[in-house]
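Colleague: Listed below are the residues making up each chain.
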Amino acid sequence: DAMVIQNPRYQVTQFGKPVTLSCSQTLNHNVMYWYQQKSSQAPKLLFHYYDKDFNNEADTPDNFQSRRPNTSFCFLDIRSPGLGDAAMYLCATSRDDRARPEAFFGQGTRLTVV
Amino acid sequence: AQKITQTQPGMFVQEKEAVTLDCTYDTSDPSYGLFWYKQPSSGEMIFLIYQGSYDQQNATEGRYSLNFQKARKSANLVISASQLGDSAMYFCAMREPLSGGYQKVTFGIGTKLQVIP
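If you read the protein sequences in the order shown, they are chains A and B.
Residue numbering for the first sequence follows our numbering, starting at 1 and increasing by one per position.
Residue numbering for the second sequence follows our numbering, starting at 115 and increasing by one per position.
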């Protein structure tokens, strides 16, 4: 059973049209991450939540926002997508537990901007 | 400064042979963790193995083992008895603690492994 679910798997949006990607988890993990992965590159951390505390990476563009209304759900909002925002977006969760610190990833949302 | 370095963009291995994927890291914090993930063409990141900085023994998970050399700051992944299904991108990643009790996971650029029949 999928534990971290991202919707949709594929998203096509128009240049400049706001888009929201969603992530849900059944693991009850307190930490949730959003990564951006462009073709042939390493995943790049955009931001993460530690419980309700939001942590933004310094180089994450203002165009990217996030919401976490509860433990299970997290959203990535791209206010005005540009062609350079086309990428795979990966959501991940982890527990603040030294014994099991690994992050569990969803299957990703592949965003195309036209 | 780059935190995780993977110097092998692509690797080939014969089926049933063992292969080592290299990873070096850089951190000044004594408490950190190292991961390896597999990413098939479908895109999902699959956790393979974890090594904590204070762990005395090298981590093993089935056919995967992590050759942890702390003084050299290396954490190489060894895959024994390669299978065709092992063909994928492999990412080395590091967890670092941040102030306030948070943690951050940073990925290397990855190594593309192809298993040849």
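Read the hints as simulated data drawn from the structure, not as lab findings.
Just to be clear, a hint being listed does not mean it is correct.
Capping the alpha-carbon separation at 20 angstroms, the derived lysine to aspartate or glutamate pairs in DMTMM-like fashion look like this [to be verified]:
id, chain 1, residue 1, chain 2, residue 2
1, B, K226, B, E210
2, B, K117, A, D59
3, B, K226, B, E158
4, B, K117, A, E102
5, A, K44, B, D140
Note that this is a predicted model, so its numbers are computed, not measured.
Colleague: For each hint, tell me whether it holds in the structure or not.
Modeller: Going through the hints against the structure:
1. B:K226 with B:E210: Given that 20 angstroms is the threshold and the Cα spacing comes to 25 angstroms, the pair is violated.
2. B:K117 with A:D59: Holds. B:K117 to A:D59 sits at ~16 angstroms (cutoff 20 angstroms).
3. B:K226 with B:E158: Given pair B:K226, B:E158 holds - Cα atoms ~15 angstroms apart, limit 20 angstroms.
4. B:K117 with A:E102: 18 angstroms, holds
5. A:K44 with B:D140: This hinted pair holds, its Cα atoms lying about 17 angstroms apart.
Consistency note: the structure conflicts with earlier hint 1 alone.
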